[in-house]
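**Student:** Sequence:
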Amino acid sequence: MTRIYLPATFATLTTLHNSGEVSASGAHAVTPTLRQSYEGLGEEDLEYVAFCSAATAAFGRLADDADSVSRRVVISADVPERAVKVETGAEDGSTVSLAEPVTSDRVAAIHVDGQEAADVVAAAVTALASAAQDPASAEKALDEADDFELEWYDPTELPQLVEQA
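In the working numbering, the protein residues as written are 67 to 231.
Hints in this document: simulated from the structure, not taken from any laboratory. One or more hints might be untrue.
[To be verified] Simulated restraints on C-beta separations: (1) Ala-175 to Lys-151: 31 to 41 Å; (2) Glu-223 to Ser-89: 14 to 24 Å; (3) Glu-205 to Thr-169: 29 to 39 Å; (4) Thr-192 to Arg-101: 29 to 39 Å; (5) Glu-182 to Gln-102: 35 to 45 Å; (6) Gln-226 to Glu-105: 22 to 32 Å.
Where a beta carbon is used, it is the ideal one built from N, C-alpha and C, also for glycine.
Turn these sequences into a full structure, and let the hints guide you.
**Tutor:** So this is what it looks like as structure tokens:
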């Protein structure tokens, strides 16, 4: 099994709750490229790097879904290794694609920004939209949002999270 980290939104959580599966496009995992880039790091640290890449990618998901709650979501799931394909040329070295959707029985945990992060995350999403004109402001906004740790939820808490959407 391979642990993947899927950047998501509350709309994604609603889809997972209603249909029992979600598309795994743009997932992140510990890959050979990531291992090479961070030579000397242990497995747990490499997983944290992949997780952080997914949390950063969640800003893009929020930008694409203006109606979603302004809080990052990362779904951690254990999927068959045979289903994971490393995306070559990905800048972060952790991007993977999956040959199949992620089903709810594969979800190991759900990570969500706390309510107190919503305004800062919304500001970061807005700053990203104008990053080409003002990259320094976008980077500052992302750094401020990254100061918030995502909260951990058990997969059985999915219905309660969907209620927050």
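**Student:** Hint by hint, say whether it matches the structure.
**Tutor:** Verification of the hints:
1. Ala-175 to Lys-151: 31 to 41 Å: Hint violated: Cβ distance 23 Å, outside 31 to 41 Å.
2. Glu-223 to Ser-89: 14 to 24 Å: 22 Å, holds
3. Glu-205 to Thr-169: 29 to 39 Å: 36 Å, holds
4. Thr-192 to Arg-101: 29 to 39 Å: 35 Å, holds
5. Glu-182 to Gln-102: 35 to 45 Å: 37 Å, holds
6. Gln-226 to Glu-105: 22 to 32 Å: 41 Å Cβ-Cβ, so the 22 to 32 Å window is violated.
The earlier numbered hints that this structure contradicts are 1 and 6.
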